[in-house]
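Now for the letters of each chain:
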Amino acid sequence: MAAVALPSSELDRLRELIRPTALAVTQGRAVIEPLQSLLPLGLPRGGTVVVEGSLALAIALAAAPSAAGAWVCLVGLGAVGANAGLAAVRELGVGLERLAVVDVAVDEDSDGWVNAIAASMDAVDVVIARPPRLVMARDARRLAGRLRERGATLVLHGRDRAHTLTADRVLRVQQSRWEGIGQGFGYLRSRCLTIEATGRAGAAQPRRASVMLPDPDGGVSATATVTNLFVASP
Amino acid sequence: MTRTLVVECIDWPVSAARTDPSDPVAVVHANRVIAVSRAGRMAGITAGLRRREAQARCPELRIVAHDPARDAAQFDPVVSALAALAPRVEVLCAGRVAIPTHGPSRYWGGDQALAELVAQRVHDVLGERTVATAAPVVGIADSRFGAQLAAQQALGHPSPVLVVPTGSTKEFLGPFPVAVLGLPDMADLFRRLGITTLAQVAQFERGDLLARFGPLGDVVHRLASGEDDHPLDPREPAPQWSVDMAFEPPLDRVDQVAFAAKALADDLLQQLANHGLACVCLHIELHGSQGEIIERWWRHDRPFTAGAITDRVRWQLEGWLRTAELVGGIALVRLRPDHVVVDRGRQLGLWGWSSEADERAIRGLSRLSALVGSGRVRVPELRGGRQLDEQVALIALESVDLGERLEHSLAVTQPGPWPGRLPTPSPTVLHDPVLSADVRGDQPGIVQVSGRGLLSQPPTQLSIGGGPWQAITAWAGPWCIEERWWDPARSRRLARFQVVVQDGIAHVLTVEQGRWAIEASYH
Numbered sequence: 000m001a002a003v004a005l006p007s008s009e010l011d012r013l014r015e016l017i018r019p020t021a022l023a024v025t026q027g028r029a030v031i032e033p034l035q036s037l038l039p040l041g042l043p044r045g046g047t048v049v050v051e052g053s054l055a056l057a058i059a060l061a062a063a064p065s066a067a068g069a070w071v072c073l074v075g076l077g078a079v080g081a082n083a084g085l086a087a088v089r090e091l092g093v094g095l096e097r098l099a100v101v102d103v104a105v106d107e108d109s110d111g112w113v114n115a116i117a118a119s120m121d122a123v124d125v126v127i128a129r130p131p132r133l134v135m136a137r138d139a140r141r142l143a144g145r146l147r148e149r150g151a152t153l154v155l156h157g158r159d160r161a162h163t164l165t166a167d168r169v170l171r172v173q174q175s176r177w178e179g180i181g182q183g184f185g186y187l188r189s190r191c192l193t194i195e196a197t198g199r200a201g202a203a204q205p206r207r208a209s210v211m212l213p214d215p216d217g218g219v220s221a222t223a224t225v226t227n228l229f230v231a232s233p
Numbered sequence: 000m001t002r003t004l005v006v007e008c009i010d011w012p013v014s015a016a017r018t019d020p021s022d023p024v025a026v027v028h029a030n031r032v033i034a035v036s037r038a039g040r041m042a043g044i045t046a047g048l049r050r051r052e053a054q055a056r057c058p059e060l061r062i063v064a065h066d067p068a069r070d071a072a073q074f075d076p077v078v079s080a081l082a083a084l085a086p087r088v089e090v091l092c093a094g095r096v097a098i099p100t101h102g103p104s105r106y107w108g109g110d111q112a113l114a115e116l117v118a119q120r121v122h123d124v125l126g127e128r129t130v131a132t133a134a135p136v137v138g139i140a141d142s143r144f145g146a147q148l149a150a151q152q153a154l155g156h157p158s159p160v161l162v163v164p165t166g167s168t169k170e171f172l173g174p175f176p177v178a179v180l181g182l183p184d185m186a187d188l189f190r191r192l193g194i195t196t197l198a199q200v201a202q203f204e205r206g207d208l209l210a211r212f213g214p215l216g217d218v219v220h221r222l223a224s225g226e227d228d229h230p231l232d233p234r235e236p237a238p239q240w241s242v243d244m245a246f247e248p249p250l251d252r253v254d255q256v257a258f259a260a261k262a263l264a265d266d267l268l269q270q271l272a273n274h275g276l277a278c279v280c281l282h283i284e285l286h287g288s289q290g291e292i293i294e295r296w297w298r299h300d301r302p303f304t305a306g307a308i309t310d311r312v313r314w315q316l317e318g319w320l321r322t323a324e325l326v327g328g329i330a331l332v333r334l335r336p337d338h339v340v341v342d343r344g345r346q347l348g349l350w351g352w353s354s355e356a357d358e359r360a361i362r363g364l365s366r367l368s369a370l371v372g373s374g375r376v377r378v379p380e381l382r383g384g385r386q387l388d389e390q391v392a393l394i395a396l397e398s399v400d401l402g403e404r405l406e407h408s409l410a411v412t413q414p415g416p417w418p419g420r421l422p423t424p425s426p427t428v429l430h431d432p433v434l435s436a437d438v439r440g441d442q443p444g445i446v447q448v449s450g451r452g453l454l455s456q457p458p459t460q461l462s463i464g465g466g467p468w469q470a471i472t473a474w475a476g477p478w479c480i481e482e483r484w485w486d487p488a489r490s491r492r493l494a495r496f497q498v499v500v501q502d503g504i505a506h507v508l509t510v511e512q513g514r515w516a517i518e519a520s521y522h
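Residue numbers (numbering that gives the first Met the number 0), protein chains in the order written: chain A, 0 to 233; chain B, 0 to 522.
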């Protein structure tokens, strides 16, 4: 049979068809739209995301999985376990009907903490936790293995002192500015966060984005869509 | 139509807990009373009450946790005794069995004679003490549902037996209210449509109910007209669907057997699913290493899941172990589907459906709760309130039935308007207890809010818990709140501020009786 020259558009289409399939396990979990530019591959399954500087950002990462029916667990977040924190959690888009809150003493021993995290990962898909000051290297390895096996995502609010827990993505708040409040007038209306994302394995290139987190409704939105009435002096 | 005898021990979970009959006792599951002793009923406690409310009605009430395994194991002697009277005894749940009466009735000389014999036998097995709490009753009718209601009607009569004559089950069921169907949503809808009794349900054409309510309408019509919920299928389940597993050497631990049964159950359900079938009555056979055999029929009103099958194998084995008939280990487990129905599947609702992830989470969270300690795994529930800590409440996992909670999703709950609450966004961290703080202004003298809500001078610096002074870059307030002024013990009078300090962190500050505190923070 004679070779047939195909137009390049057709070639592209075929290339797309025979492209190696990305299995569901290797694809990341979805993140909400305003954060997509920071995490283009989504939340890694079986990986760890470290968020530095904003608890609201750590919680907002769980919003899209939660909306898709995944369970979320807050472990050892202390005061967030109290109630008003949960009003914020709800506003950020995490459904309360698929949320569990676990109280573990974080600073005492990493052993209890690691056990609680491992057991939470068996139950839920996204675990948001504050790490203890020191995690033993042995425990960190055990945790990473369990995480890969379960395909859950661990979101850490802050890091342990020795950085024993490996981070696949790191989101760091670089600038934070509250809007809507002045000298004796207005109220906390929204916050403009500038976030830098770094990572490894395909996400090594640093990325930067500004988002409204929280926006006036308590959710997350892209900066441009919000008109600012008052701007606090920095 | 299968004429059926039902034996029911009213409030079996209470008698299984082996309590004193004169004590008020309630068995509680997921914070709700599911069974209550006679003394408890006299004190005004009914099934379905919240635990707290039950305790308020009767302070000396003893609360017992629900344990299905205990209930089943305690009930097993009754099943064994009845198995000697009739060839086939179906266990519906702990405390309730059904016996098809076709053969046994002729053998023992009629329905009435059979019912009295069964009542006597149950009485003998349970003994005086348990009979006083369990009150076993017997009913015979043309359907299982009818027999069950007949048995419940017999409660309190001198002879605990009620036989509904052949062919008159429909008339017997007629006057009962629709609530007895055990489908609260359906019953509620019927009532709103003006249909209050089963006679009114039965007078419809079955096709009309099917068209309006789907398969559930069909089932309801069957029950109301004195038929069984699943039409008898002339097709015998194929013998090759029975699955078994032999153990060499024999197993001598219950959990090993249960583990093997789980694999068998998965296997069986997979086979049935391939044919689009589900099992509602299951025959479980256990063989001892010395040739002893125990067999039981288990019937369930919903299709069996693997977990439900494993539980029943476990209960059957535990009941057997109590009789001490078993000397060696368990050599064989056989599961045979006895009554299969077409699996219509379950139409998942748009909201509040439960997925595989939900089942995994429910299992996993209860494990987690066992690991970290009871009361330390909690789930949120929306409340309403003006104060920050009133808007969402956390409830211990043990007191919630997660599956049921998902069914009635709380996504639809509206918190209602609470004028005076902080506007969104809400703070992410709530300090409990509140952090003490100090505030000063540029002028000498303290910063304070007067009774009229006037600020003495603008706040410019903040110190948290005696720490270093931080500059306040922006602030708003005071918002004065006066709550429950009618109740001196609980009244509060405070003023609230929002402040932003230099590193972009915002706090909710309160001043109450001249003391400053940080109530919450935005991180």
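The hints are simulated quantities; they were obtained by calculation from the structure and are not laboratory data. The reader is advised that the hints may include incorrect statements.
Unchecked claim - Covered by chain B, according to a simulated footprint, are these stretches of chain A (three or more residues, beta-carbon under 8 Å): (1) 57 to 70; (2) 88 to 98; (3) 118 to 124; (4) 141 to 151; (5) 179 to 187; (6) 204 to 218.
Stated by the list, open to error - Take a look, some chain A residues computed to stay more than 12 Å from chain B by CB distance: (7) Ser8; (8) Glu9; (9) Leu10; (10) Gly27; (11) Glu32; (12) Asp102; (13) Ala104; (14) Ala115; (15) Val169; (16) Val172.
Keep in mind it's a predicted model, so treat the numbers as computed, not measured. Ideal placement from N, C-alpha and C gives every residue a C-beta, glycine not left out.
*Under a C-beta cut-off of less than 8 Å, do 3 or more residues of the segment 57 to 70 of chain A approach chain B closely enough to confirm the stated coverage?*
holds (count 4)
*Can we confirm that no CB of chain B comes within 12 Å of the CB of A/Ala104?*
Since the minimum Cβ distance to chain B is about 10 Å, A/Ala104 lies within 12 Å and the statement is violated.
*Has the segment 179 to 187 of chain A got at least three residues whose CB is nearer than 8 Å to a CB belonging to chain B?*
holds (count 8)
_Minimum Cβ distance from A/Asp102 to chain B greater than 12 Å, as the annotation requires_ = 4 Å, violated
*For the segment 88 to 98 of chain A, does the count of residues with a C-beta closer than 8 Å to a C-beta of chain B reach 3?*
Contact hint for the segment 88 to 98 of chain A vs chain B: holds, 8 residues under 8 Å.
_A/Ser8 non-interfacial with respect to chain B [C-beta, more than 12 Å]_ = Per Cβ check, A/Ser8 is outside 12 Å of chain B; nearest 40 Å; holds.
_Minimum C-beta separation from A/Val172 to chain B exceeding 12 Å: can you confirm that?_
8 Å, violated
*State whether the coverage of the segment 204 to 218 of chain A by chain B holds or is violated, taking the criterion as 3 or more residues with Cβ-Cβ distances under 8 Å.*
holds (count 5)
*Are there three or more residues in the segment 118 to 124 of chain A whose C-beta lies within less than 8 Å of some C-beta in chain B?*
holds (count 6)
*Nearest-CB test (12 Å) between chain B and A/Ala115*: Answer for A/Ala115: violated, closest chain B Cβ roughly 5 Å.
_Minimum Cβ distance from A/Glu32 to chain B greater than 12 Å, as the annotation requires_ = 18 Å, holds
*Hey, does A/Gly27 actually stay past 12 Å from chain B on C-beta?*
Label holds. Min Cβ-Cβ 17 Å, cutoff 12 Å.
Hint check: violations occur at hints 4, 12, 13, 14, 16; the rest are consistent with the structure.
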